[in-house]
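There are 2 protein chains.
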Amino acid sequence: MIPKNHPRAKSLLVREKLVAGYEKGLVAKEGLIAHGRGEAFDYLLGEKTSKNAEKAIKTAALSLISAKSPVISVNGNVASLCAKEIIQLAKIINAKIEVNLFYANQKRKKRIARILKINGAKKVLGVDSKSAKKIPKLDSARRIVDTSGIYSADVILVPLEDGDRTLMLKKFGKKVITFDLNPLSRTAQTADITIVDDISRGMRKLIQICRKLKKSKVKQHNSFDNKRNLVEAVKEIKKNLEKRAIHA
Amino acid sequence: MIPKNHPRAKSLLVREKLVAGYEKGLVAKEGLIAHGRGEAFDYLLGEKTSKNAEKAIKTAALSLISAKSPVISVNGNVASLCAKEIIQLAKIINAKIEVNLFYANQKRKKRIARILKINGAKKVLGVDSKSAKKIPKLDSARRIVDTSGIYSADVILVPLEDGDRTLMLKKFGKKVITFDLNPLSRTAQTADITIVDDISRGMRKLIQICRKLKKSKVKQHNSFDNKRNLVEAVKEIKKNLEKRAIHA
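Just so you know, the sequences run in chain order X and L. The first sequence maps to residues 36 to 283 in this note's numbering. The second sequence maps to residues 36 to 283 in this note's numbering.
Heads up, some of the hints might be wrong.
Since the list can't tell identical chains apart, any single copy or any two copies may satisfy a pair.
Said to hold, decoys possible - When the alpha-carbon atoms are kept at most 25 Å apart in a straight line, the in silico PhoX-like pairs for lysine-lysine are as follows:
{"id": "1", "residue 1": "K64", "residue 2": "K45"}
{"id": "2", "residue 1": "K119", "residue 2": "K64"}
{"id": "3", "residue 1": "K52", "residue 2": "K142"}
{"id": "4", "residue 1": "K93", "residue 2": "K142"}
{"id": "5", "residue 1": "K158", "residue 2": "K262"}
{"id": "6", "residue 1": "K64", "residue 2": "K262"}
{"id": "7", "residue 1": "K142", "residue 2": "K64"}
{"id": "8", "residue 1": "K168", "residue 2": "K240"}
{"id": "9", "residue 1": "K83", "residue 2": "K145"}
{"id": "10", "residue 1": "K142", "residue 2": "K103"}
{"id": "11", "residue 1": "K83", "residue 2": "K273"}
{"id": "12", "residue 1": "K93", "residue 2": "K152"}
{"id": "13", "residue 1": "K142", "residue 2": "K240"}
What the hints contain is simulated information worked out from the structure, not anything from laboratory work.
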């Protein structure tokens, strides 16, 4: 048990959720390591939703609400950390859900699909090999997407994604929204909208704002420069490093 | 399989080594996540041995060469990433090798000892409960050390160590040398000499320098201020953040 008054209790609880996902066979071992990377960046970002993340979330919400065929791409880490939130968001923005893995594995895919269905998803794409289609020029299993999902989507939310794949989705003409705690990663730099925030924390905000926007029926986009917003995230890390270095 | 042209192929290969160690029962799940945190810091440090790390390595080499009873403390991550290097170093500096785990587990200890022996270690301490001794005031299993190993050592190399344990070894009068990629961690801040570098990379340099020093028989210590050196490591991260932010 993690003591409630532990200064990093929230982060440790998220970690436990991921380890539980690993034990259920949803998360790859590499996914545990990737989560550790995220933890370090979140630590450097002060473990809170920064202003630049809020700005990216607002822009992402507008894009998702006004998309024609939005798709949410789910991997093992995403399913372990926020399956419920994925379903909630999909309902609000009327998005399809597709399982798509970096370390592909049919069994793991099916387990992830099952967890999503247990949490309320009616349909989960990416599992049936009959509807699989290949994105040109992308290596190995990662290039396989679902015909009626990512293949024909206009806007894709791909949280915690690999750089190669993000790049390929961009080249393939998709509008890409991602969650990535490393503002310098290729995914962060390649996506159209990068939310530099912990996915559990940021996803709840994204749902809130999508809900609000849907009611108000706002369709107008605000001005948003992803690269400039990422520079703000880097500044945030530098600010925190200075603060912590003084207290060390 | 990791695509050879992946920009972070080296780091991914090290990651695979650790995952292989996990599969052999050497590494704990928490060890996988901890490695991910290290990866993030290494990335921010530019995935190279910085000047401050070189300075710490030189100072560490001098301390180890001139120690009376040096001991190298090995956990699952260390054994998975550089078992061979540990044996090489131990031979050069005439050090004992002791298995010591944060998440103690007799089976895992024995597996680690076996891997070290396969790689050429003649004797591995910390496995035989008959020679176990307790460090006062340290919690649970972590306080147990070997009578003829850490307990009676003057200089200890404890790479990838926990903060509580580092603090306790210091209080127990030991000179502590560590590898830690987070210059702000308690271990980094508590040790006498902190090498802020990836262990696979830094260990090879440490071996090189120890070999040179042994031949030249230099015993004179240079001036070294660990806290000041750690500030240099933080500066290095900030510098890299700026550089990468421009090129991104």
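Going through the hints against the structure:
1. Taking identical chains as interchangeable, the C-alpha atoms of K64 and K45 lie at most 25 Å apart whether they share a chain (22 Å) or sit on different chains (18 Å).
2. For the homomeric pair K119 and K64, the shortest alpha-carbon distances inside one copy (23 Å) and between copies (24 Å) are both at most 25 Å.
3. For the homomeric pair K52 and K142, the shortest alpha-carbon distances inside one copy (20 Å) and between copies (24 Å) are both at most 25 Å.
4. Within a single copy, K93 and K142 get their C-alpha atoms no closer than 36 Å, and across copies no closer than 50 Å, so neither meets the 25 Å cut-off.
5. For the homomeric pair K158 and K262, neither the shortest alpha-carbon distance inside one copy (35 Å) nor that between copies (55 Å) is at most 25 Å.
6. In this assembly of identical chains, the alpha carbons of K64 and K262 never lie at most 25 Å apart, being 31 Å within a copy and 35 Å across copies at closest.
7. For a Cα distance limit of 25 Å, the shortest separation of K142 from K64 qualifies both inside one copy, at 15 Å, and across copies, at 21 Å.
8. In the homo-oligomer, the alpha carbons of K168 and K240 never lie at most 25 Å apart, since the shortest distance is 33 Å inside one protomer and 48 Å across protomers.
9. With identical chains, the CA atoms of K83 and K145 are never at most 25 Å apart, being 33 Å at best within one copy and 40 Å at best between copies.
10. With identical chains, the CA atoms of K142 and K103 are never at most 25 Å apart, being 31 Å at best within one copy and 55 Å at best between copies.
11. With identical chains, the CA atoms of K83 and K273 are at most 25 Å apart both within one copy (15 Å) and between copies (20 Å).
12. In the homo-oligomer, the alpha carbons of K93 and K152 never lie at most 25 Å apart, since the shortest distance is 28 Å inside one protomer and 57 Å across protomers.
13. Taking the closest pair of Cα atoms, K142 and K240 never come within 25 Å of each other, the shortest separation being 32 Å inside a single copy and 43 Å across copies.
In this structure, the hints that do not hold are numbers 4, 5, 6, 8, 9, 10, 12 and 13, in rising order.
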